[in-house]
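Participant: Work the whole structure out from these sequences, hints included.
Residue numbers (numbering that gives the first Met the number 0), protein chains in the order written: chain R, 0 to 252; chain W, 0 to 252.
Don't read these hints as lab results, they were simulated from the structure.
All clues stand as given, with none of them false.
Same chains, same label: a pair holds when it works inside one copy or across any pair of copies.
Dumping the calculated BS3-like pairs for lysine-lysine here, alpha-carbon to alpha-carbon at most 25 Å: (1) K243 x K173; (2) K117 x K78; (3) K65 x K173; (4) K78 x K173.
The structure displayed is predicted, hence computed values, not measured ones.
If you want the building blocks of each chain, they are given just below.
There are 2 protein chains.
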Amino acid sequence: MTTPDNAADTSAEAPGTTTPAATGVAARDWDTASADPQYRAAVVDLLGALAYGELAAFERLAEDAKLAPTLSDKAELAKMASAEFHHFERLRDRLSGIGEEPTGAMEPFVAAYDGFHKQTAPSDWLEGLVKAYVGDSIASDFYREVAARLDEDTRGLVLGVLDDTGHASFAVEKVRGAIDADPRVGGRLALWARRLMGEALSQSQRVVADRDALSTMLVGGVAAGFDLAEVGRMFSRITEAHTKRMAALGLAA
Amino acid sequence: MTTPDNAADTSAEAPGTTTPAATGVAARDWDTASADPQYRAAVVDLLGALAYGELAAFERLAEDAKLAPTLSDKAELAKMASAEFHHFERLRDRLSGIGEEPTGAMEPFVAAYDGFHKQTAPSDWLEGLVKAYVGDSIASDFYREVAARLDEDTRGLVLGVLDDTGHASFAVEKVRGAIDADPRVGGRLALWARRLMGEALSQSQRVVADRDALSTMLVGGVAAGFDLAEVGRMFSRITEAHTKRMAALGLAA
Chain R
0 MTTPDNAADT
10 SAEAPGTTTP
20 AATGVAARDW
30 DTASADPQYR
40 AAVVDLLGAL
50 AYGELAAFER
60 LAEDAKLAPT
70 LSDKAELAKM
80 ASAEFHHFER
90 LRDRLSGIGE
100 EPTGAMEPFV
110 AAYDGFHKQT
120 APSDWLEGLV
130 KAYVGDSIAS
140 DFYREVAARL
150 DEDTRGLVLG
160 VLDDTGHASF
170 AVEKVRGAID
180 ADPRVGGRLA
190 LWARRLMGEA
200 LSQSQRVVAD
210 RDALSTMLVG
220 GVAAGFDLAE
230 VGRMFSRITE
240 AHTKRMAALG
250 LAA
Chain W
0 MTTPDNAADT
10 SAEAPGTTTP
20 AATGVAARDW
30 DTASADPQYR
40 AAVVDLLGAL
50 AYGELAAFER
60 LAEDAKLAPT
70 LSDKAELAKM
80 ASAEFHHFER
90 LRDRLSGIGE
100 EPTGAMEPFV
110 AAYDGFHKQT
120 APSDWLEGLV
130 KAYVGDSIAS
140 DFYREVAARL
150 DEDTRGLVLG
160 VLDDTGHASF
170 AVEKVRGAID
180 ADPRVGGRLA
190 LWARRLMGEA
200 LSQSQRVVAD
210 RDALSTMLVG
220 GVAAGFDLAE
230 VGRMFSRITE
240 AHTKRMAALG
250 LAA
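Facilitator: If you want it as structure tokens, here you go:
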């Protein structure tokens, strides 16, 4: 992410990533780490979830590009959509590379993402921009949280995709400009941003409840099940970061 | 294009491109050629028309990706959409590079493309595939027709974008498969393909009537106006190529 509000984080590790990985998997490569079937299942889930997330984001950003007031705004959103598609390609190719059928890996996450997007179809251009920014930022926070829990090969891929995000900074400028021009817009968009975050959390929690291996890995690989409280703390860190970004954008709660 | 039905054309010049350029512009570079204000205006029109065409194609392919029956079909259409976006970027950057405001250059063509897409929204996945294939092929034929009439720099750009098309060959396979499985599908899709071509011609003729400089260049740069009959012949060559491709696809008229 190179958006103004968290640019300072990019050289240091984000708060969540300093937790040492309980399984010590971070020091291993994929071949070694994937000998553990639970770890392998978790990574396949993770790559499937990220891949479908990128494909769904592509589709929604392209759809939201229709709301653009000018051709150059439309081109900016199309550019973000295209970047998401290339992330999808990298994640899908990685799934194929480790011998997994990408479609099968993505299927379990289709309902959650489609549910999220269905519940959060923007009704105008500014809502679309806030959604693009919030989505990009939450994805970035999540990628960071999860990176420290991964073997070095998978971590390289996840951080590589992360490096290439941050296309949403133009959204920040446009939203700030709109709020400056009419401060009442800020109230409406603040409600919208809370709704986006609420819907994202609700869909994520559904995924956590459904996907044991993934959830276990997310909290550091406690072997016999996972600590729901730790998942809660992760969500809580992501929510806090979101709240700070929204405040910086002039969308205080 | 690398689609089966015209693969043989790719090393030789397409029929329309063997006409010698009446202005001799093909031997000049952009700096020399653009000293003629009418030529410059024609190229700005052309790049604007192609750029908006690519952006509109991006948007429609992304929209049509929603009709995909499987995730991998969706990804194929998303890939085509993303490729169109990158064509758009090259054409837009070229407009900026020659000191033109891309939005201004694209605006005159928005109505024609939007009109085309509005009149030809596919009602199902197969119609979407046929549209992707027909659109890609017509664009390719048109790029070839026009390339011979351009200065060497602009020609390089246009042929470069052309080289990178042909993502529609997967559409050919899918459509053939569907017709084999149920021959009645062929009749419906043949009607659809004719409607696509009819709508494309009708929108193109509107553009030709509106944009004098562009039309003059398209017919070889007759200085004092242009020969409508020659434009007609160009459309006729493109239509014939389309008819042959449709027949090869099992969509005879």
